[in-house]
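**Student:** Sequence:
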Amino acid sequence: LHKGVFKDHFVKWCTQIIGAHEIDARFKAMADHPGLRHFKKGISSVTQWTGTEHKEMEKVMMGVLAGAVNSRVLTVARALLDFISYAQYQTHTSITLSALEASLETFHANKDVFIELECRKDFNIPKLHSMMHYMEAIRALGSADGYNTESPE
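Heads up, the sequence shown stops at 153 in the working numbering, and the numbers go up one at a time, no gaps.
A few of these clues could be false.
When the alpha-carbon atoms are kept at most 20 Å apart in a straight line, the in silico DMTMM-like pairs for lysine to aspartate or glutamate are as follows [said to hold, decoys possible]:
hint, residue 1, residue 2
1, K3, D24
2, K59, E118
3, K7, E58
4, K127, E101
5, K41, E22
6, K7, E136
7, K7, D82
8, K3, E53
9, K28, E101
10, K7, E22
11, K41, E58
12, K3, D82
13, K59, D24
14, K3, D32
15, K12, D82
16, K111, E53
17, K41, E56
18, K55, D24
19, K121, E101
20, K12, E58
21, K12, E101
22, K111, D82
23, K7, D112
24, K55, D8
25, K12, E56
26, K12, E136
27, K111, D8
28, K7, D24
29, K111, E101
30, K127, D112
31, K59, E116
32, K127, D8
33, K12, E116
34, K59, D112
35, K41, E53
36, K41, D24
37, K12, D32
38, K12, D24
39, K28, E56
40, K12, E22
For the record, the hints were derived by calculation from the structure and aren't laboratory data.
I would like the entire structure built from these sequences, with the hints used as guidance.
**Tutor:** Have a look at this one:
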């Protein structure tokens, strides 16, 4: 989710809307705060990212986008970031699974804004399709936090 959906797709779409210079300026302008990474050089010049860096970008993305994109893009951003957050939970309840599902529904209900803004022609993207199966997989196999390619710390 962090690389395949967030970084490889969502960040690229937002960069197309805002522009690389502006998105870099917004990442640079984010105030220093304990627990948040400050991207002093922006993000567009970095060619290789770690999973940790993707997660750090996710923490500040709403602040970066606020005021630069329309409300539907912010709705999609919030839904996607919520989905990623819920998907990482180590344990789930019917409430967290409902929230995971609701965030996915909100994402899908509003994602066409990227077609309207000419960032995409379609959403035939396997990583986006796989998100539909998270709830079913969690119910059948348990938490999704153990199903990733990150090395243990």
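**Student:** Evaluate each hint against the coordinates.
**Tutor:** Results of checking the hints against the structure:
Under the criterion of a C-alpha separation no larger than 20 Å, the hint pairing K3 with D24 is consistent with the structure, at around 19 Å. The hinted pair formed by K59 and E118 fails the criterion: a straight-line CA distance of about 26 Å is larger than 20 Å. Simply put, K7 and E58 have alpha-carbon atoms about 9 Å apart, close enough for the 20 Å limit, and the pair holds. Distance check on the hinted pair: K127 and E101 sit about 16 Å apart at the alpha-carbon level, within 20 Å; holds.
Taking the CA atoms of K41 and E22, the gap is near 12 Å; set against the 20 Å cutoff, the hint holds. Taking the CA atoms of K7 and E136, the gap is near 24 Å; set against the 20 Å cutoff, the hint is violated. In summary, the hint linking K7 to D82 is supported, as the alpha carbons are separated by about 15 Å, within the 20 Å threshold. Only pairs whose Cα atoms come within 20 Å are accepted, and K3 paired with E53 is accepted, the gap being roughly 10 Å.
For the hint pairing K28 with E101, the CA-to-CA distance comes to about 33 Å; that exceeds 20 Å, so the pair is violated. For the hint pairing K7 with E22, the CA-to-CA distance comes to about 17 Å; that is within 20 Å, so the pair holds. Proposed proximity of K41 and E58 is supported: the alpha carbons are some 17 Å apart, at most 20 Å. Our distance criterion of 20 Å between C-alpha atoms is met by K3 and D82, whose separation comes to about 15 Å.
Taken as a hint, the K59 and D24 pair is honoured in the structure, with Cα atoms around 16 Å apart against an allowance of 20 Å. At most 20 Å may separate the alpha-carbon atoms for a hinted pair to count; K3 and D32 exceed this at roughly 24 Å. Only pairs whose Cα atoms come within 20 Å are accepted, and K12 paired with D82 is accepted, the gap being roughly 19 Å. Under the criterion of a C-alpha separation no larger than 20 Å, the hint pairing K111 with E53 is inconsistent with the structure, at around 24 Å.
Only pairs whose Cα atoms come within 20 Å are accepted, and K41 paired with E56 is accepted, the gap being roughly 14 Å. Straight-line distance between C-alpha atoms of K55 and D24 comes to about 17 Å, which keeps the hinted pair within the 20 Å bound. Among the hinted pairs, K121 with E101 is inconsistent with the structure: their alpha-carbon atoms are about 25 Å apart, more than 20 Å. At roughly 13 Å between alpha-carbon atoms, K12 and E58 fall within 20 Å of each other, so this suggested pair holds.
For the hint pairing K12 with E101, the CA-to-CA distance comes to about 24 Å; that exceeds 20 Å, so the pair is violated. Only pairs whose Cα atoms come within 20 Å are accepted, and K111 paired with D82 is accepted, the gap being roughly 15 Å. For the suggested pair K7 and D112, the alpha carbons sit about 18 Å apart, so the restraint of at most 20 Å is met. Under the criterion of a C-alpha separation no larger than 20 Å, the hint pairing K55 with D8 is consistent with the structure, at around 13 Å.
Between K12 and E56 the CA atoms are separated by roughly 16 Å; this keeps the pair inside 20 Å, and the hint holds. Taking the CA atoms of K12 and E136, the gap is near 29 Å; set against the 20 Å cutoff, the hint is violated. Only pairs whose Cα atoms come within 20 Å are accepted, and K111 paired with D8 is accepted, the gap being roughly 15 Å. Between K7 and D24 the alpha-carbon distance is near 14 Å, which keeps this suggested pair within the 20 Å criterion.
At roughly 15 Å between alpha-carbon atoms, K111 and E101 fall within 20 Å of each other, so this suggested pair holds. Note on K127 and D112: the hinted pairing holds, with a Cα-Cα distance of about 17 Å set against a maximum of 20 Å. Simply put, K59 and E116 have alpha-carbon atoms about 26 Å apart, too far for the 20 Å limit, and the pair is violated. For the proposed pair K127 and D8, the alpha carbon gap of about 10 Å is at most 20 Å, so the pair holds.
Distance hint between K12 and E116 is fulfilled; the C-alpha atoms sit about 15 Å from each other, no more than 20 Å. For the suggested pair K59 and D112, the alpha carbons sit about 24 Å apart, so the restraint of at most 20 Å is broken. The suggested pairing of K41 with E53 holds, with an alpha-carbon distance near 13 Å, which does not exceed 20 Å. For the hint linking K41 to D24, the alpha-carbon distance of about 7 Å falls within 20 Å, and the restraint holds.
This hinted pair does not check out: K12 and D32 have alpha carbons roughly 24 Å apart, beyond 20 Å. For the suggested pair K12 and D24, the alpha carbons sit about 13 Å apart, so the restraint of at most 20 Å is met. With a C-alpha separation of about 13 Å, the suggested pair K28 and E56 falls inside the 20 Å cut-off, and the hint holds. Of the supplied pair hints, the one linking K12 and E22 holds, its CA atoms being roughly 13 Å apart against a limit of 20 Å.
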